[in-house]
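Asks: Sequence:
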Amino acid sequence: MLVLRRFRPTIIVFFVILVGPAGWVGPTASQPVVDSAKGSVSSPLVPEYTINKDGSVTLRICFNWSCAYRQTMTFTPDDIAILKQLIAACPGGSLHDRLQRVRIGIWQMELLAQQYQPLLANDLAINDGEAGVNGRMDCIDNTSNTTTYLHILEDIGELNSWTVASPKVRGRFDLIAVHWTAVIIDTDNGVYWSVDSWYRPNGHLPMVMPLLSWTDKKKAWNPPFNRINATPHSIDDLCHRPPLGLQQ
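At position 139 of the sequence shown (counting the first as 1) the number is 274 in my numbering, and the numbers step up by one without a gap.
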């Protein structure tokens, strides 16, 4: 959920994906730096990342509510190789397994970001008790970062049967309940899904549900979505289950 702050006008910019000497460039690229000068925003940032020729990925993340702080970091080729191995632990073609691959990817990329910016370990679920805590993240931080991670997963070939959509908001005109989420589209049937990491601390599995259910404020931890949002101790326990037969 968005923490209320002074609103600033936001300009949405779309970038063309290009190929250059450094490798695949995502929506845009930036230099390694912590930048707190730009201040807070009232909607998620456009992703910034570069997939380098050596297999490393340079990306910008943000934190401290409404992307007040922004940092560029690089995941090494070994980081990306391990990420792919963990996602591959859930190889099935059911809707359940396809969703778990998305969840594993976001979970592991959050842990990688935390490895390079340890302040992210201070983030708590939702925003309870986080005021003044360095590393805290609201729904704008989470949606910005999750959307970046999803684009990277798509570009490195780990988002098969999904494509990334623009973030969505519910309660836009409700100053208390306005909330953002990252979004993916199931290319098998065109259904939009919410990928919401705000309900869990950084470095945990995100919550997923059809976007229409998310818009209706359904709870991802309640039936019929609780099984696809399990939080077991082992990746193996996430996968190899029969399809859920969710009504979409």
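Be aware that a few hints might be false.
Here are the computed distance ranges between Cβ atoms for each label pair [said to hold, decoys possible]:
#, residue 1, residue 2, range
1, L259, G306, 34 to 44 Å
2, P212, N324, 26 to 36 Å
3, K219, G306, 14 to 24 Å
4, G228, N269, 39 to 49 Å
5, D371, S296, 19 to 29 Å
6, D213, G306, 14 to 24 Å
List of simulated lysine to aspartate or glutamate pairs, EDC-like, C-alpha gap at most 20 Å [claimed, not checked]:
#, residue 1, residue 2
7, K219, E289
8, K219, D189
9, K353, E293
10, K219, D232
11, K354, E289
If you're looking for bench data, these hints aren't it; they were derived computationally from the structure. Keep in mind it's a predicted model, so treat the numbers as computed, not measured. Just so you know, even glycine gets a beta-carbon here, dropped at the ideal spot from N, CA and C.
Asks: For the pair supplied as a hint, K219 and E289, confirm whether the alpha-carbon distance does not exceed 20 Å.
Replies: 12 Å, holds
Asks: Does the hinted range 14 to 24 Å hold for K219 and G306 at CB?
Replies: Distance hint for K219, G306 is violated at roughly 37 Å.
Asks: Within 26 to 36 Å or not, the Cβ separation of P212 and N324?
Replies: For P212 and N324 the Cβ distance comes to about 35 Å; the hint holds.
Asks: Are G228 and N269 spaced within 39 to 49 Å by their CB atoms?
Replies: For G228 and N269 the Cβ distance comes to about 42 Å; the hint holds.
Asks: Please verify whether K353 and E293 have alpha carbons no more than 20 Å apart.
Replies: 28 Å, violated
Asks: Quickly compare the C-alpha distance for K219 and D189 to 20 Å and report which way the hint goes.
Replies: 15 Å, holds
Asks: Sort out whether E289 lies within 20 Å of K354, counting only the CA atoms.
Replies: 27 Å, violated
Asks: In this structure, is the beta-carbon distance linking D371 and S296 contained in 19 to 29 Å?
Replies: Cβ of D371 to Cβ of S296: about 21 Å, so the range 19 to 29 Å holds.
Asks: Between D213 and G306, does the C-beta distance stay in 14 to 24 Å?
Replies: 41 Å, violated
Asks: Taking 20 Å as the top limit, are the C-alpha atoms of K219 and D232 close enough?
Replies: 15 Å, holds
Asks: I want to verify a distance hint. Is the separation of the beta carbons of L259 and G306 within 34 to 44 Å?
Replies: Violated, since L259 and G306 (Cβ atoms, about 21 Å apart) do not stay within the stated range.
Checked against the numbered hints above, the structure violates hints 1, 3, 6, 9 and 11; every other hint is satisfied.
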